[in-house]
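> Fit chains B and C to the given chain A structure using the hints.
Residue numbers (the numbering used here), protein chains in the order written: chain A, 3 to 229; chain B, 196 to 440; chain C, 8 to 63.
Source of the hints: derived by calculation from the structure; they are not laboratory data. Here a beta-carbon is modelled for each residue, glycine too, at the ideal position from N, C-alpha and C. Hints are all accurate, no fakes.
Computed Cβ-Cβ distance ranges for the label pairs, DEER-style: (1) Glu89(A) - Ile393(B): 55 to 61 Å; (2) Met11(C) - Met168(A): 49 to 55 Å; (3) Arg18(A) - Gly316(B): 57 to 63 Å.
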Amino acid sequence: MDRTGTADAIWLMYRRDLLLAFRHWDQVAQPVVFFAMVTTLFPLALSPELGELRQLAGGVLWVAALLAALLGLEFLFRADHADGTLEQILLSGQPLALLAIAKGVAHWTICGLPLVLVSPLLAIGLGVPMEALCTVMLSLALGTGILSALGAIGAALTLGLRRGSMLISLLVLPLAMPALIFGARAIDMAIYGDVARGPLLLLAAMLVLALTLAPVAVAAALRISAE
Amino acid sequence: MNWIWLHKFASPPHAYRLAGQLTPWFGWPAFLLIVTGLYGGLVLAPADYQQGDAFRILYVHAPSAWMSMFIYGTMAVAAAIGLIWRIKLAHGVAAASASVGAWFTLLALATGSIWGKPMWGTWWVWDARLTSELIQLFLYAGLIALRASIEDRDRADRAAAVLAIVGVVNLPIIHYSVYWWNTLHQGATITKLGKPSITGDMLWPLLVMMVGFTLYYGAVLMTRLRAEILRRERDASWLRTELAV
Amino acid sequence: MNLMEFLAMGKYGAFVWPCIILTCAVLIGNVIAARRLHAEARRQALRRLETGRGQS
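So here's chain A without its partners, still in its complex pose (with noise of 0.2 Å):
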């Protein structure tokens, strides 16, 4: 019998999440209205002038597309631990740490890019300018893949707990802050007109560190959890 190969079992992965989650719509829809709707909070909650909340609009938009890729994360291995497929992804023989990724990336296609798609609209909604619109899709896109990394190593440490939303948000938001920071600072530097290349190269940095060893850590944590 031919056994799958690696990068064939990879793809399969990723395919097989697309195709499930874009089963239920409505799952994929909720962290966007979550975050367009904790964006509009802060207008509620603060000022309708567009020249205060352009101050606020970066630390804003990190905030809302943070909770709202959170939101996000318990499902991402429950699905399969419940029904029993996580048993036998472990059991494959593939490695576990390659085909983390491909669920990891699989969420961020999911959840993350959607978030990044919708970012100029809310952006401008911020007092955003126009120059600056590609700097928050880029900095949100980079900040969702760290969330989604982070996140997998939340979620799979906390697999099958009761509350274990709140756990993995607990677990993941200080993580998180570095990312938080330097994507922030990012959208601000390009409200103000700088081409804000230091935070984004360091976004990236944070990026390729958590691909690399973000998955053997959730390979370890899945191996735990699911045992």
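Chains B and C in isolation, oriented as in the chain A frame:
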């Protein structure tokens, strides 16, 4: 190299006894050093030129901050040893350390906050060091929460171990980011939690306190570790002889 | 320097002394807590020994 001697110490009865013997060797020197350090810092050291006598808070704030980081590092190392070599005792060390570390972090935050009031007029400043300590507290909180949420002790040990290692890898990134973030905003918010220019007779009590606190942790760790060993131990025979009253 | 001056800590006494007291409270508290934990663990271990081979 013969590792058998190491595994011998990792066996619960030996570790239990050794921890018991070591406790007073950590505890009493710790007590003496802390008392000496406090005397040196509160009485002997001259008042700071800028901060007056308020700087004396340094003698409890800095060692607490040091311990909060040192204990986290120790926990992470113990966690790694437990994961890699599957030594239960190492997990016990990690489990015993978490709450002590959290307390020191809280103490660093409280003393730092109180110190800030006479110096900068507010009970809290988003100073780089205080903010880092706060994030450190969140990391401890997450670890303690994770361990408490998992009922199976083995799974709890190993999950907490992974989290501790992930946390320790992130620590330099967090410190650097917070420091950078803090330097961004100059002007009224420039704060550096008072490092007074330190002279010799100001320095030695600080070092004494640092060592004293570290030994103190050793003593508390030994006691808590003994409790952990007792809680985890299933094999009755050595317990019987050890606890025979 | 007399006692009153020492306690006043050059007008910062209200800040310095709470810190010292807090620190001592935490240090002493942790020792007490650790010893209590150990005593409790001993008690439970002895109980386990009495009621039979170490039950999980």
